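Residue numbers (the working numbering): 1 to 478.
FYI, nobody ran anything at the bench for these hints, they're computed from the structure. Remember, it's a predicted structure, so these values are computed and weren't measured experimentally. Take these hints with a grain of salt, some might be off.
Stated by the list, open to error - Listed next, the in silico DSBU-like pairs over lysine-lysine satisfying Cα-Cα at most 35 angstroms (straight line): (1) Lys293 x Lys211; (2) Lys432 x Lys342; (3) Lys111 x Lys296; (4) Lys118 x Lys145; (5) Lys145 x Lys183; (6) Lys202 x Lys81; (7) Lys440 x Lys317; (8) Lys118 x Lys440; (9) Lys296 x Lys183; (10) Lys81 x Lys145; (11) Lys432 x Lys317; (12) Lys81 x Lys211; (13) Lys18 x Lys342; (14) Lys342 x Lys317; (15) Lys111 x Lys145; (16) Lys440 x Lys111; (17) Lys365 x Lys440; (18) Lys463 x Lys352; (19) Lys183 x Lys293; (20) Lys432 x Lys293; (21) Lys432 x Lys460; (22) Lys111 x Lys81; (23) Lys98 x Lys211; (24) Lys118 x Lys432; (25) Lys440 x Lys352; (26) Lys81 x Lys118; (27) Lys365 x Lys279; (28) Lys81 x Lys18; (29) Lys211 x Lys145; (30) Lys98 x Lys111; (31) Lys293 x Lys81; (32) Lys352 x Lys317.
Stated by the list, open to error - Here are the computed distance ranges between Cβ atoms for each label pair: (33) Glu373 x Asp451: 22 to 32 angstroms; (34) Ile24 x Val369: 25 to 35 angstroms; (35) Asp464 x Asp255: 53 to 63 angstroms; (36) Glu290 x Lys98: 40 to 50 angstroms; (37) Asp25 x Ala165: 57 to 67 angstroms; (38) Ala164 x Gln66: 42 to 52 angstroms.
Glycine residues also receive a C-beta, built at the ideal position from the N, C-alpha and C atoms.
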Amino acid sequence: MSDASKGLRLYNTLTRTKEDFFPIDPRNVRMYVCGPTVYDFAHIGNARPVIVFDVLFRLLRQLYGQAHVTYVRNITDVDDKINARALRDFGGEIASGKLSLNEAIRRVTEKTADQFHKDVATLGCLEPTVEPRATEFVEPRADGKADMISLIQRLIERGHAYVAAGEVLFDTASMPDYGQLSKRNLDEQQAGARVAVDAHKKNPGDFVLWKLSSPEEPGWDSPWGRGRPGWHIECSAMSAAYLGEVFDIHGGGLDLIFPHHENEIAQSRCAHGTETMAKVWMHNGFLQVEGQKMSKSLGNFYSINELLETETFGGRKWPGEVLRLAMLMTHYREPIDFSVRKLEEAENTLRKWKRAADLAPAAAKQLPVDVVEALSDDLATYSAFQVLTQLAGEAAEGNDAAASLKASLSFLGFDVGAAKVDEGEIARAIAKRLELVAAKNWAEADRIRDDLLAQGVQLKDGKDPVTGERVTTWEVKR
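With the hints as constraints, model all of the structure from the sequences given.
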C-alpha cells in the first residue's frame with residue numbers, strides 16, 4: 001500500500017462530510033457502482049458516473065495496488081420493458097422450451113450492452129473487475145453466491161417484509177432508522193412521484209421486492225409464485241455476491257439517493273443484520289445540456305454514441321477523450337452544464353497538453369505527487385488539471401516535466417501516443433478566422449491564430465496568385 005493512500009479523503013453522502021478513507025481490508029478495497037439498464041443506448045448523463053468512478057478506480061489502484069481493488073459495476077437486464085420485448089420477440093421459443101427466459105432477455109439486451117461497452121471504452125474507461133447481470137442473480141445459484149430470492153426470503157423471516165396482493169413488500173416501519181442516506185424519515189415522507197401508494201401497503205413508503213407475473217409475462221419460479229424482482233433488490237444481491245455484506249464504497253448518480261440507494265441500504269442491512277451496507281456513499285451531480293435539463297421533448301437528449309458518431313451536437317462528431325475531459329473539468333459533486341463551448345475548451349486544452357507530452361519519448365515511471373494529492377482530495381480533478389497545465393508550460397524536449405505530463409495523462413485515461421493533427425478542425429478554425437477578418441473582428445481572429453499556435457500549428461497569410469483572394473496556409477511547428 002502506498003503511503004499516499006493515507007491522505008485519501010472522500011465526501012460521504014451518508015454523513016454529509018468529507019472523511020479520511022480507511023478501507024475495511026487494504027488487501028481488497030471494494031467498490032460497487034450502479035450500472036446501466038440496457039433497454040436503450042446509454043445517454044450522456046449515464047456517461048458521467050462511469051467516467052467519475054473510473055477515475056476513482058484508477059486512483060485506488062494507484063494507492064493500493066492493481067491486484068487489491070475490486071470494482072463491481074452491474075448491468076440491469078431485469079426490467080418490465082425488457083421483459084415485454086423478450087416475450088414479444090421470443091415468446092414462441094420460450095413457450096416451446098427452445099429458449100430460456102434468461103437467454104431471450106440476453107438476446108434483447110445484447111446489442112445495447114455491447115454498444116455501452118464500446119462507448120465507455122471510447123471514453124477511456126477501464127473495464128470493471130466484475131460486471132454481473134441482474135438476470136444471473138434472481139434464483140439461488142450453484143456457486144452459493146447471494147441471490148435475490150434468498151435475500152427476500154431472509155427479509156420475510158426476519159420480519160422486515162410481508163406478502164400482500166401478490167407482491168412481497170419491504171416493511172419500512174420495521175427499520176427504525178430508515179432514511180439515513182436521504183435524510184427522510186417515515187413521518188416526513190409523503191406519497192409522490194417516486195413512491196407508489198397502494199391500498200395493500202402497510203405504509204406509503206413500503207416498496208416492492210417481488211411482484212407476480214401474469215401467464216403472458218416473463219417470470220421466475222419463487223416461494224411466492226411465478227414473478228420477477230423489484231428494482232432495488234437487484235443491487236443488494238449483486239453487491240453481496242462479489243463484495244460481501246459490508247464493503248467500502250458505493251457510487252452512483254445523485255438521482256439514485258432516493259429511493260434506490262436508500263432502499264438498497266434498508267434491504268441489505270435488514271437481511272444481513274449489519275449496521276451499514278457500504279462505509280462511503282458517493283454521488284455525482286446532475287447534468288444539463290446547454291443550460292437546460294436533458295429531455296427528449298426539448299430535443300437535447302443525446303446518447304453517448306450520437307456524440308461520438310454523428311454530427312448532432314454542435315454540428316460535428318466529438319472524440320471520446322474530449323467528452324471525458326469535459327466531464328472531468330467540473331468537480332464530480334457539482335452540477336455540470338454540458339455545452340459545445342465546454343467541449344471546445346476541453347479539446348483545446350487536451351491538444352496543448354498532448355503537444356507538450358509528445359516532447360517526451362516515454363512517460364515518467366512515477367506520477368507527480370501533486371497530481372495524486374489533488375485527486376486524493378475527493379477527486380479534485382480541477383486541481384489536478386492545474387498541475388498538468390503547469391507541466392505543459394514547463395515541458396521541453398525530453399525533460400522531466402514532459403515525461404511527468406505524459407504519465408499523468410495516461411493515468412487519467414487519455415491517449416499519450418504521438419499527438420495527431422486534426423486537419424478538419426484546423427480547416428474549420430481557418431475558415432472561421434477568415435470570416436472574422438472579413439468582418440474586421442481582429443481581436444477574435446487573432447485569438448484563433450494564437451490558439452492554433454499554442455497547439456503547434458502556425459498560420460501564414462497570403463494571396464492567391466490567380467484570384468487575388470486572401471488565403472491561409474499552415475504547418476506544424478515543434
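Hints versus structure:
no.	hint	verdict
1	Lys293 x Lys211	33 angstroms, holds
2	Lys432 x Lys342	18 angstroms, holds
3	Lys111 x Lys296	22 angstroms, holds
4	Lys118 x Lys145	29 angstroms, holds
5	Lys145 x Lys183	32 angstroms, holds
6	Lys202 x Lys81	28 angstroms, holds
7	Lys440 x Lys317	30 angstroms, holds
8	Lys118 x Lys440	45 angstroms, violated
9	Lys296 x Lys183	31 angstroms, holds
10	Lys81 x Lys145	27 angstroms, holds
11	Lys432 x Lys317	18 angstroms, holds
12	Lys81 x Lys211	15 angstroms, holds
13	Lys18 x Lys342	28 angstroms, holds
14	Lys342 x Lys317	14 angstroms, holds
15	Lys111 x Lys145	27 angstroms, holds
16	Lys440 x Lys111	51 angstroms, violated
17	Lys365 x Lys440	50 angstroms, violated
18	Lys463 x Lys352	30 angstroms, holds
19	Lys183 x Lys293	25 angstroms, holds
20	Lys432 x Lys293	30 angstroms, holds
21	Lys432 x Lys460	15 angstroms, holds
22	Lys111 x Lys81	15 angstroms, holds
23	Lys98 x Lys211	25 angstroms, holds
24	Lys118 x Lys432	33 angstroms, holds
25	Lys440 x Lys352	28 angstroms, holds
26	Lys81 x Lys118	23 angstroms, holds
27	Lys365 x Lys279	33 angstroms, holds
28	Lys81 x Lys18	39 angstroms, violated
29	Lys211 x Lys145	22 angstroms, holds
30	Lys98 x Lys111	21 angstroms, holds
31	Lys293 x Lys81	24 angstroms, holds
32	Lys352 x Lys317	20 angstroms, holds
33	Glu373 x Asp451: 22 to 32 angstroms	30 angstroms, holds
34	Ile24 x Val369: 25 to 35 angstroms	27 angstroms, holds
35	Asp464 x Asp255: 53 to 63 angstroms	56 angstroms, holds
36	Glu290 x Lys98: 40 to 50 angstroms	48 angstroms, holds
37	Asp25 x Ala165: 57 to 67 angstroms	43 angstroms, violated
38	Ala164 x Gln66: 42 to 52 angstroms	48 angstroms, holds
The structure does not agree with the numbered hints 8, 16, 17, 28, 37 stated previously, though it agrees with the rest.
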